[in-house]
Amino acid sequence: MVDYDWPASADRTLIGTDVLRVDSPFKVSGKAQYTTDVNLPGMLYATTVRCPYAHAKILSIDIKAAAKSPGCKAVYVIQKPGTEIFWAGDDVVAVAAVDELSAAQAAKAVKVRYQELTHLVMDSNPNPSAGFSQPMQPETVGDVDSAFQQAAAVTEQTYSMPVITHCCLEPHGSVATWTDSSLDVYISTQSVSGIVTQLSKALNMPASKIRVHAEYEGGGFGAKLAADRWGLAAAQLSKLAGGAPVRLVIDRHTEQQTAGCRPSAYGTIKIGSDQHGNLTAWQATTWSTGGMTGGAEFPLPYILKIPNQRNQHTTILNNIGSARSMRAPRHPQACFLTMCALDDLADKLRQDPLDLVVKNLKLAGPRAQVYKEEFDVAAQLMDWKAKWRPRNKNGTKGIQQGVGLSFHTWTGTAHPASCALTINPDGSVVISSGTQDIGTGTRTVVAIVVAETFGLQPGDIQIQVGNSAFPASAGSGGSGTAGGMGSAARRAAVDALNALFAKIAPSLGVQANALSAGGGMIVAGNTKMSWKQACSILGALPMTTHGANPGPGDLNSSGVGGVQMAEVSVDVETGVVSIDKIVAVQDCGLIIDRKTTLSQCYGSLTMGIGYALYEEKIMDQNLGRMLNSNVEFYRLCGIGDIGDLIVHLMSGKGYDERGIVGCGEAAVISPGAAISNAVANAIGVRVPHLPLTPDRVLAALGDQP
Amino acid sequence: MAIRKHRTIRRKKALQRKAAPPAFGPGPVPIQLKVNGQTMSATVEPCLTLLQVLREKLGLTGAKQVCDRATCGACTVIAGGKRVYACSMLAIDSQDLEITTVESLAENGELDPLQQAFVEADASQCGYCTSGFVMSAKAFLDENSAPTLDDIRKGMCGNLCRCGTYAGIAEALLAVSRTKVQSKRRRAHG
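So the sequences go chain by chain: A and B. Letter by letter, the first sequence follows residues 1 to 705 in this note's numbering. Letter by letter, the second sequence follows residues 1 to 190 in this note's numbering.
The set of hints was computed from the structure by calculation and includes no laboratory data. All figures in this text were calculated on a predicted structure; none of them were measured in a lab. By construction, the Cβ of each residue, glycine as well, lies at the ideal position given by its N, Cα and C atoms. The hints are all genuine.
Quick list of in silico lysine-lysine cross-link-like pairs, BS3-like style, CA-CA up to 27 Å:
# : chain 1 : residue 1 : chain 2 : residue 2
1 : A       : Lys-68    : B       : Lys-57
2 : A       : Lys-108   : B       : Lys-57
3 : A       : Lys-31    : B       : Lys-34
4 : B       : Lys-154   : A       : Lys-581
5 : A       : Lys-305   : A       : Lys-372
6 : A       : Lys-595   : B       : Lys-180
According to the in silico footprint, chain B covers these stretches of chain A (three or more CB under 8 Å from chain B):
# : stretch
7 : 35-42
8 : 593-599
If you anchor each label on the Cβ, the simulated ranges turn out as follows:
#  : chain 1 : residue 1 : chain 2 : residue 2 : range
9  : B       : Arg-178   : A       : His-546   : 43 to 53 Å
10 : B       : Gly-81    : A       : Thr-17    : 35 to 45 Å
11 : A       : Ser-507   : B       : Thr-179   : 45 to 55 Å
12 : B       : Thr-179   : A       : Met-136   : 56 to 66 Å
13 : A       : Gly-654   : B       : Ala-70    : 47 to 57 Å
14 : A       : Gly-398   : B       : Cys-157   : 18 to 28 Å
15 : B       : Cys-157   : A       : Val-430   : 35 to 45 Å
Whole structure, please, built from the sequences with the hints as guidance.
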């Protein structure tokens, strides 16, 4: 029976330490090649003609003038006359030309006539006109009405967070070359292996003839799992242009308008407890939109199994573009609605919300003890007991400070992955997989795992990812890549090392099981041999093993918990909220690389500050379009906005035994709630809607009785 | 009297500048750019930005096009000693300036100390904004070699990162400025 288990903590030299990201040197020197950087000989530039209406039917398309436009090499009709369009910015026709200017001119020459149809782009009304909403059956547990009657304290409040966009800095796009025999596609994707199947199905071409490349990818956050209509159009244009490479990258306006949409969340939450704060009753009337595709509901109440509860959700189907999964889908919404309600209840009871939450962790299921430990650490790092004061006693002039908290869970389940690992007779090691590194540190995780197993350094391992010719792996979603690839790499490396030991044992005159690897050496008792020397015994042929996930050995598991505390300053005269400090305490099983794990948490907090304070996809009902489809007015968090970010990772005994659990998304869940609660603590009144912009803060202060 | 004379000269000079606008186009025009110490020639449409020419004509793809309207800083290069948004300058207007791009920082494969500080602080994730940040930081540190954290938060606010690497970027800048100060001290004492 082969032992694949992770090395015991005393035997780890790399796992869990601060290893530098292996591909950073390429990124800081501008050498990393992204899809938008690909410039092939004879390449054509493509652009698309997009529907300006939120809801319309295509009546006719005239491409004759476009085809004759100077420099135009191909025109492809993506959606034919008669097709119903459901959002502004949807692609209708694509053109390819010798340069960007000629492509823009050809696109201008395309004539499309539309019949406008009734649209809805707003989502604040839970009961829009017929056809735009889909009420779901209410779900009830226990006796909700009598639980509320018996409750000592009840609060009821409506909270909301808007649709936000992914705003990937590298826009969606691809460079496609479709010749008679093959289709070669560079694409900005977080699913290298999966894109092959999508292209194969959509273009009716054998998957064996399709090659997908994505060596570097400029941000995905869940928005880049599909080939998309523009991805297929790039291939079709290449075919029409006789196999010339075609680059089709969407512009910023289109990226903001159509290529990313995290569903909104609105909810009227009623919550009740006994006089001590033990939760007894919950009622949630919620609604949200993810565009026309649905999929915008969220699990309520978040984490806590309140004994009596009623949940009724309505999905708004509107014309804003389709929902795309975004970093911890559904969780930030559920967390925000639940944690704000808990905080308001604590205020009503004049209790410290930390006490109220800890008291109710008995309803939190299997990770209750983890949350308890994390709250203890967080309270210390924030100095919570000294900083927290009841609301309303903080004064109403100048700058007011406050603190708030939240907690969250995420799955982080390792996804299916596979890899091929080759040890060459010269001692060099190469591992390849059709996975991708979207900035999360996949390459670094794989390098650490293989180097740790072989007793080498991460820099000794050559990592090849981002090419569908390599063994297939799942798309990077659900924080599954570190677990999937880490486990697959461990299995391949253990098998490779055992095979190497079997090969070299006879020449050392020992049993293979007497051999071990460490410090760049292969060791058997007093006999030592360098890694390179040992590999030379392989002779002429390199040795290749394969690893996969799932597979033998308990190398990963699922389910993490995290808690966060935020401290804010609010200028009650201008309504400006600024972050002083955020403490995040996060559990994520066995940490492979502490450095990049921390970076994932910092990144999540930064994105969390963004959606708590600034980000909102602003739609205009008359125009049916997004008003801030750029980076000026779709405001991202900047370097001056983050305050002090303190991240504490729970690791060591009791945590490491769980193996790898993904940590790329969890910490993005709580900031909305923690920051909103901190603002309520600072100014004595709830600002019920995110983002907490100055106008909303001032409006809430004005509403104060 | 002296003041009036001075004003007249200034007005005359301004008029001369106005009176002789360089004529470009229609159609592509030949231009020369001084990039990373080399003179590079290209024939471009007068409406192309410096960023488009660097990326599409000269093969220097480190600077990225993100917002395309001088907001995010992913296209930052140094021109005439100052950091500029290459998406918002015309290539034809950049001909007199010494332009430095991220590709020039590493010498013989050896990273510049600033780049090395970015690596050590893990100041990049997806890396798409990184070139812009590195170039912006380069010019910023040339102006202020020993910045405080507050200086960095103000002075680097013209660049945006979606992955959230700001904490690492600030750490990198503080580290590199500390090293500079130390090596200056060493030189002073040694």
